Amino acid sequence: MSQPNTQESCQAEHTSACTVREVLDRVGGKWSIGIIIAASDGPVRFTELERSIEGISRRMLTLTLRHLERDGLLTRTVYPTVPPRVEYVATDMARELYESLVSLTGWAQRHREAIAAARDAYDRERGLAG
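For what it's worth, full-length UniProt numbering labels the leading residue of the sequence shown as 1, then goes sequentially.
No lab work stands behind these hints: they were computed from the structure.
These numbers come from a predicted model, not from an experiment.
Derived CB-CB ranges, DEER-like: (1) Val-82 to His-111: 42 to 52 Å; (2) Arg-95 to Arg-124: 35 to 45 Å; (3) Arg-76 to Asp-123: 36 to 46 Å; (4) Arg-126 to Pro-84: 52 to 62 Å; (5) Val-86 to Gly-127: 47 to 57 Å; (6) Gly-106 to Ala-17: 26 to 36 Å; (7) Glu-54 to Ile-115: 14 to 24 Å; (8) Arg-124 to Thr-75: 44 to 54 Å.
Below, simulated DMTMM-like cross-link-like pairs (lysine to aspartate or glutamate); rule was C-alpha separation at most 20 Å, straight line: (9) Lys-30 to Glu-99; (10) Lys-30 to Glu-69; (11) Lys-30 to Glu-50; (12) Lys-30 to Glu-48; (13) Lys-30 to Asp-71.
We treat Cβ as the ideally placed atom computed from N, Cα and C, and that holds for glycine.
Hey, can you work out the whole structure from these sequences and the hints?
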């Protein structure tokens, strides 16, 4: 059985709340965590995010920013300058997540080598190592 598309299922009923899984999929997404952490420190510009989030493409950054803004986790402000200046900042709801996300990323950083070693040992035991 296939999993429902998060965006489609959240949109299915405009008045119905997203499930916990849908919310966790959004805030725990590959790029969302870094964006929320960066925007929680104060206003951040697109190019700053692009430089600070390793491996993200312009398209994926744009899509993720739109999703986070739509979900009420970011506020986008466009300043009437030439060229236009756009800043993103975390909402109160996103800032409430900040400590949890920093703890999660810190845990991942501390344990990434142990996890890699465990994966290698698992693969060797099962003859999966290449």
